[in-house]
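Trainee: Below are the chains, spelled out letter by letter.
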Amino acid sequence: MERFLTKRKLLLALAFVFLLIAWNRSVNLLYAMFSLLSATLALSHLLPKYSLKGVTAKRTLPARAFEGDDLDLLVSVQNGHWKSRYMVEVFDAIPAAAPGSRNPMTFVARLPGRTAREYTFKVGCTLRGEYTVGPLTLRSAYPLGISPVEKTIPDTTQPLLVYPQVFNIAHLPLMSGSNATMGGAEAVSRAVGNDEFLNIREYREGDGLKYIHWPSTARHAQLIVKEFETRGMRETTIIMDLHTESVCGEGKESTLEYAVKVAASMSKFAIERGHSLQFIGYGNTPWIVSYARGTTQTARILEVLARVKADGSVPYHRAVVESVDLLKDGGTAILLFARTDGELSDYLYGFSLLKAKKISPIAVFFDETSFQGYGARGERRRRPSRLMEWFLAEGCPVYLIAAGDDLEGVFSV
Amino acid sequence: MSRLDYPPVYIGLYALLMTSVMAAVTVDVGFFHAFSRILFWANAYGLGLLYAWRHRGKEGATLTTVTNALLCVAPLIFYSVYRQHGVDKGFVWFLIYIQAVRNLTLATRRELYFALLVSLIIMFQASSASKETAFIFYIVVYVISGVFTLMFDYMDERLSLAAGGDRELLQKRLNIPVRGGGVSISIIIMALVIYLFFPRPPSPHFQMISSWGGSHYWDKEWEREAKSGKGKSNSEDVSREEDSVRVSPEGDHDEPAKRDAGPGPGEGDGHASQGDRTSAGSSGTMCGRRLPGEDTYAGFNDSFDISAPGRCVLSNEIVFYLQCDRPIYARGRVFDTFDGRTWENHNAEKEKVYSDYGDFTFEKDERAEGVQQVYTVKANLPAIVYAAYRPLALQFSGSVLEKDDDLSLGIPRYLERGTTYSVVSEISELDGRPFGGRENCRNRERHLQLPESLPDGIKELAASVTQGADDDYSRAKLIEQYLRENYEYTQSTFFETWEDGSLSRFLFDRKKGHCEYFATSMAILLRTLGIPSRLTTGFVANRYNPVTGYYEVKKLDGHAWVEAYIDEHGWVAFEPTPGFYLPEQSRGHFAFPDVAQYIEDVVREYIRSDPERWLAIALQELWRLYVALKNALDTMLMRALEFGTYVWSNYKRAGLIILGIGAVGTGLSLWLLRFLYPAFRKWRLLRVKKRSPKEFVLHCYWEIERIFAGRGSPRPPHCSPMEYRDALAAGFQELHHQVDLITTLFQKARYSNLAIRTEDAEEAHGAYEDILKARVSYRKEEA
Numbered sequence: 002m003e004r005f006l007t008k009r010k011l012l013l014a015l016a017f018v019f020l021l022i023a024w025n026r027s028v029n030l031l032y033a034m035f036s037l038l039s040a041t042l043a044l045s046h047l048l049p050k051y052s053l054k055g056v057t058a059k060r061t062l063p064a065r066a067f068e069g070d071d072l073d074l075l076v077s078v079q080n081g082h083w084k085s086r087y088m089v090e091v092f093d094a095i096p097a098a099a100p101g102s103r104n105p106m107t108f109v110a111r112l113p114g115r116t117a118r119e120y121t122f123k124v125g126c127t128l129r130g131e132y133t134v135g136p137l138t139l140r141s142a143y144p145l146g147i148s149p150v151e152k153t154i155p156d157t158t159q160p161l162l163v164y165p166q167v168f169n170i171a172h173l174p175l176m177s178g179s180n181a182t183m184g185g186a187e188a189v190s191r192a193v194g195n196d197e198f199l200n201i202r203e204y205r206e207g208d209g210l211k212y213i214h215w216p217s218t219a220r221h222a223q224l225i226v227k228e229f230e231t232r233g234m235r236e237t238t239i240i241m242d243l244h245t246e247s248v249c250g251e252g253k254e255s256t257l258e259y260a261v262k263v264a265a266s267m268s269k270f271a272i273e274r275g276h277s278l279q280f281i282g283y284g285n286t287p288w289i290v291s292y293a294r295g296t297t298q299t300a301r302i303l304e305v306l307a308r309v310k311a312d313g314s315v316p317y318h319r320a321v322v323e324s325v326d327l328l329k330d331g332g333t334a335i336l337l338f339a340r341t342d343g344e345l346s347d348y349l350y351g352f353s354l355l356k357a358k359k360i361s362p363i364a365v366f367f368d369e370t371s372f373q374g375y376g377a378r379g380e381r382r383r384r385p386s387r388l389m390e391w392f393l394a395e396g397c398p399v400y401l402i403a404a405g406d407d408l409e410g411v412f413s414v
Numbered sequence: 087m088s089r090l091d092y093p094p095v096y097i098g099l100y101a102l103l104m105t106s107v108m109a110a111v112t113v114d115v116g117f118f119h120a121f122s123r124i125l126f127w128a129n130a131y132g133l134g135l136l137y138a139w140r141h142r143g144k145e146g147a148t149l150t151t152v153t154n155a156l157l158c159v160a161p162l163i164f165y166s167v168y169r170q171h172g173v174d175k176g177f178v179w180f181l182i183y184i185q186a187v188r189n190l191t192l193a194t195r196r197e198l199y200f201a202l203l204v205s206l207i208i209m210f211q212a213s214s215a216s217k218e219t220a221f222i223f224y225i226v227v228y229v230i231s232g233v234f235t236l237m238f239d240y241m242d243e244r245l246s247l248a249a250g251g252d253r254e255l256l257q258k259r260l261n262i263p264v265r266g267g268g269v270s271i272s273i274i275i276m277a278l279v280i281y282l283f284f285p286r287p288p289s290p291h292f293q294m295i296s297s298w299g300g301s302h303y304w305d306k307e308w309e310r311e312a313k314s315g316k317g318k319s320n321s322e323d324v325s326r327e328e329d330s331v332r333v334s335p336e337g338d339h340d341e342p343a344k345r346d347a348g349p350g351p352g353e354g355d356g357h358a359s360q361g362d363r364t365s366a367g368s369s370g371t372m373c374g375r376r377l378p379g380e381d382t383y384a385g386f387n388d389s390f391d392i393s394a395p396g397r398c399v400l401s402n403e404i405v406f407y408l409q410c411d412r413p414i415y416a417r418g419r420v421f422d423t424f425d426g427r428t429w430e431n432h433n434a435e436k437e438k439v440y441s442d443y444g445d446f447t448f449e450k451d452e453r454a455e456g457v458q459q460v461y462t463v464k465a466n467l468p469a470i471v472y473a474a475y476r477p478l479a480l481q482f483s484g485s486v487l488e489k490d491d492d493l494s495l496g497i498p499r500y501l502e503r504g505t506t507y508s509v510v511s512e513i514s515e516l517d518g519r520p521f522g523g524r525e526n527c528r529n530r531e532r533h534l535q536l537p538e539s540l541p542d543g544i545k546e547l548a549a550s551v552t553q554g555a556d557d558d559y560s561r562a563k564l565i566e567q568y569l570r571e572n573y574e575y576t577q578s579t580f581f582e583t584w585e586d587g588s589l590s591r592f593l594f595d596r597k598k599g600h601c602e603y604f605a606t607s608m609a610i611l612l613r614t615l616g617i618p619s620r621l622t623t624g625f626v627a628n629r630y631n632p633v634t635g636y637y638e639v640k641k642l643d644g645h646a647w648v649e650a651y652i653d654e655h656g657w658v659a660f661e662p663t664p665g666f667y668l669p670e671q672s673r674g675h676f677a678f679p680d681v682a683q684y685i686e687d688v689v690r691e692y693i694r695s696d697p698e699r700w701l702a703i704a705l706q707e708l709w710r711l712y713v714a715l716k717n718a719l720d721t722m723l724m725r726a727l728e729f730g731t732y733v734w735s736n737y738k739r740a741g742l743i744i745l746g747i748g749a750v751g752t753g754l755s756l757w758l759l760r761f762l763y764p765a766f767r768k769w770r771l772l773r774v775k776k777r778s779p780k781e782f783v784l785h786c787y788w789e790i791e792r793i794f795a796g797r798g799s800p801r802p803p804h805c806s807p808m809e810y811r812d813a814l815a816a817g818f819q820e821l822h823h824q825v826d827l828i829t830t831l832f833q834k835a836r837y838s839n840l841a842i843r844t845e846d847a848e849e850a851h852g853a854y855e856d857i858l859k860a861r862v863s864y865r866k867e868e869a
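Residue numbers (the working numbering), protein chains in the order written: chain A, 2 to 414; chain B, 87 to 869.
So here's chain A without its partners, still in its complex pose (with noise of 0.2 Å):
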């Protein structure tokens, strides 16, 4: 709520009641602080209109992030008047960034005429999405901070997209595909022969010199390896609840948005070893990227990631009978389910069809107990849903996730 008593306010009170008073009894002297009093208002009200005139200003941020990165910013501030401007204010609107810091200021003291500054600060992003930042807008109250004066810079507005933060997991059962010699063993890409070319990638320990790609090593001005695919199939599919009323919690802190961390940490996991990877989302437009390998996958389903909301009409387990079509036979299947509570006989179809593909699925649930209202974070589940009681019956494994829950951990073991 705006303040009610505020300077402006006070001092047009002031010289009124000085007025009153030397009216009344004649005083002189204060007529003298009430004319002193007005012209102090009224050059507070008209300076600042004159304040932003040749002042424009520039920004330059990345169009990527990720969440919890700090993104850089530069403003360039320019006077293009012959005299100098004063306390000219430069507002940006960063809707990426948390609360209280989504309208980042720069305060420029004095832009002296026909110059330019440029200022540097960190805005973090705390919430992955596709935002559209700016536009900037230019704020003066010289001198006294009385009568603001405002202009909006046109074209200042830019898209950024953050991506979610992704977590290390150090171990999750994908299936490693029908290659008999690599039977049981985790294939990965490599950098060796005798398989089939996939995608050139940096240096790491352990690759093998001769396969250096020189012309590419040259470009990027570092080693850069050919990276092969070995034989197997290895296909992983994602599919993600996007019903809008599977959603528990709100912000950071909902199970959507636990479960897009997740989704892209899997992604990255499966991609980096050598795993084909997709996505399956249905949502109100319906999110599917196909089976690729490599860091462009990676980069794809960030993207994805990035810009899925929960508003779809679809039910997770027609979700499921719907994506199975799209699954290649023998591979894995990592069902992101918003909520414990589902009904079993609701999935048991979907599930059949999985099973007929020999499609190993992986579960990962979320508690929704623990999102319900920061009230009951820390409360969980106190025993299994019947679909996940399913899930273990079936062998296949299982992972619950509570609100707070260290995400790493919950994938270590």
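Calculated from the structure, these hints are not laboratory results. Values in this document were obtained by computation on a predicted structure and should not be read as measured data. No residue lacks a Cβ here, since even glycine has one placed at the ideal position from N, Cα and C. Check before you lean on any hint, since a few could be wrong.
To be verified - Every beta carbon over 12 Å from chain A, so not counted as near; a handful from chain B, in silico:
{"id": "1", "residue": "Ile124"}
{"id": "2", "residue": "Leu206"}
{"id": "3", "residue": "Phe238"}
{"id": "4", "residue": "Ser560"}
{"id": "5", "residue": "Gln567"}
{"id": "6", "residue": "Leu858"}
Stated by the list, open to error - Listed next, the stretches of chain A that the computed footprint assigns to chain B, with coverage defined by at least 3 CB atoms under 8 Å from CB atoms of chain B:
{"id": "7", "region": "24-30"}
{"id": "8", "region": "111-123"}
{"id": "9", "region": "215-221"}
Stated by the list, open to error - Which residues of chain B face chain A? A partial, calculated answer using Cβ under 7 Å:
{"id": "10", "residue": "Ser214"}
{"id": "11", "residue": "Val229"}
{"id": "12", "residue": "Gly250"}
{"id": "13", "residue": "Gly267"}
{"id": "14", "residue": "Val269"}
{"id": "15", "residue": "Ile271"}
Go by the hints and put chain B onto chain A.
Mentor: Showing chain B alone in chain A's frame:
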């Protein structure tokens, strides 16, 4: 409330607080007299704020205890100052002390605003009490300091909220990047304009608390007489020895009856009247004693020699300040008996008037309204209460007064410096001259008294001057006019030795003298015609200081004039001395004329004081130039008014028609301009096209810049033509091709050596026409 981090805030606050403290301290005494006090408070405030700056946010329990202990002393300070100087001064010193203690812990914005409020209250009280022109300096410095303090406070607030920018300023001690000089000068100039031209309607004096204070005046004998009702007496009953003796200006007087100086406030039983001499006071004489060590106007004595008004009449010392809505003659004494050289008051009935609370009323009619005057005495004066005629009510710090038939007011002892009192007087005007309203002239004969040795020829002179006049008022005016026009005022006669026949020599021979001669002459001339008249002495209060709003009355303003009784009007004032003018209600509704007049008076006085000084000579030349310019402007204005009146009266009708046609024509032209102007621009462009395709392309581009600026999308200065094109493409998608074409051609024409062909010019023309015809406005892309 957020903490203060920007150091200049403390500096600005220090300047502000010290200005207000200095103003409060020096309001009664001058700067140099109060220097030690100022120094003390400067150190107290400075060290306090310095401590607060260094330890802000680190207040410990010890500091809190110390400040609380110091604050407990504040009521004692208030009480001790209140006892001496009254509640308003007590409150001011209370605030000064409290703020000095609070400075030790001043660290937040709330505490800063409290300090600002304290300084404002102190400044307000000092402004109300001050009567010196130099005080304006404090006000200006105070407001400028306030502006800077608020500016630094605003900077501090914004810097603490800023994520980027000049935040390091917060760390630097005295980095003041903002230049406040221009702002300060602008404020002063604008304030001056407001001060001079802001209208000032007449003051309503609503619920005005009358001002009175200072020493307390009382006399046991007087009070006893007043209460017993035996205070009435007649001066003739008093023996000559007990009457006030004649006091020459040189101080050659008989042994004065000692009057005690009177008690100060709270001094218990007051003075003791000493010996029989006090009975002189109790019998009703005014204390016309010469003040100890003071040189006063002889016209305030019980009797005064018209040839010797006293040296003080040349002194520039201010005797009192008068707060009033109009100039007045502040009456002191009234005389009814003239012996040819000396005036005395023998026959007025005097009475003592008592009031418990210093509230005296002389007018029974409650409906009577009057002019309020507040007198602040700056120098010791004789035992008279000065007031404009006719006084209706008086508020005075005394319990008893002496009043006579002529409504002169006396007090038990001399009027002491520092005394303040208020009077309400009824002042009516008759042809611009003040009179007190109708009242009966009691004991008329005493106002018709003529000296035994009346100079020869005076009666004839009176008769010849007033020949043709039908009534007393006309006769009096004629006499006044005669003296003003045929005699010269001079101060050279002040110290001339009196000789027998000096008055007749003045009237018939020399025809020049000082005001006492003029007043005496008029009074005698009127008496010879049977018109009651009396000589009145007092001060002329017409030197208005527009800065302070007070009339400054000096010793040299001591004056004598005449009051004549006119049957239809009562006692009417007359001013026979040339160069003096009866006070008229003439203050306008703006300060500018008063300021101009004040500057004029100051300059005149300066030139008069020593015409040989180089500055006086320069001012004299400037003055002549100013007068010539003023006269020229006045003449021009008058001629213009005359011409305007002539034209108006003769050509009003025709003029109205012409005016009407002119207005319609102007409106039509402006309306047509909307259509004609673009056509004109287009025509101009086509002319260029015939001349040179390259120039045409350049002009085309500038034209489309102008067009798009009018449609809400101007080209920013830093934007290149290609960037501008891209920006326009976003907002004006339909015209993208045309804009692109013209921009490309413009680039080619402006920045390359390639020739612009006629076909290019035609293409540009086509694109320009499309843009001109298109009725689109800038559309923002939806997020």
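Trainee: Now, for every hint given, state plainly whether the structure supports it.
Mentor: Do the hints match the structure? See the list:
1. For B:Ile124, the requirement that its beta carbon stay farther than 12 Å from each beta carbon of chain A is met, with the minimum near 20 Å.
2. The beta carbon of B:Leu206 is not kept farther than 12 Å from every beta carbon of chain A, the shortest such distance being approximately 7 Å.
3. Non-interface call for B:Phe238 relative to chain A: violated, since the shortest CB-CB distance, roughly 10 Å, does not exceed 12 Å.
4. Residue-level check passed: B:Ser560 sits 37 Å from the nearest beta carbon of chain A, beyond 12 Å.
5. Distance check on B:Gln567: its Cβ is at least 34 Å (rounded) from any Cβ of chain A, clearing the 12 Å threshold; non-interface status holds.
6. The beta carbon of B:Leu858 sits about 24 Å from the closest Cβ of chain A, which is more than 12 Å, so the claim that it is off the interface holds.
7. Taking a C-beta to C-beta cut-off of 8 Å, the region 24-30 of chain A contributes 7 residues in contact with chain B, enough for the three needed, and the coverage statement holds.
8. Using a Cβ-Cβ cut-off of 8 Å, 4 residues of the region 111-123 of chain A lie near chain B, which meets the minimum of three, so the contact claim holds.
9. Counting residues of the region 215-221 of chain A whose beta carbon lies closer than 8 Å to any beta carbon of chain B gives 0, which falls short of the minimum of three for the stated coverage.
10. Proximity of B:Ser214 to chain A holds as hinted, the smallest CB-CB distance being about 6 Å (cut-off 7 Å).
11. About 4 Å separates the beta-carbon of B:Val229 from the nearest beta-carbon of chain A, less than 7 Å, and the hint is met.
12. The interface hint given for B:Gly250 is met, as the beta carbon of that residue sits about 4 Å from the closest beta carbon of chain A, less than 7 Å.
13. With 7 Å as the threshold, the beta carbon of B:Gly267 stays out of range of chain A, its nearest partner Cβ sitting at about 12 Å, so the hint is violated.
14. Interface restraint check for B:Val269: the shortest CB-CB distance to chain A comes to about 5 Å, inside 7 Å, so the restraint holds.
15. For B:Ile271, the interface hint is violated, the least distance from its beta-carbon to any beta-carbon of chain A being 11 Å, above 7 Å.
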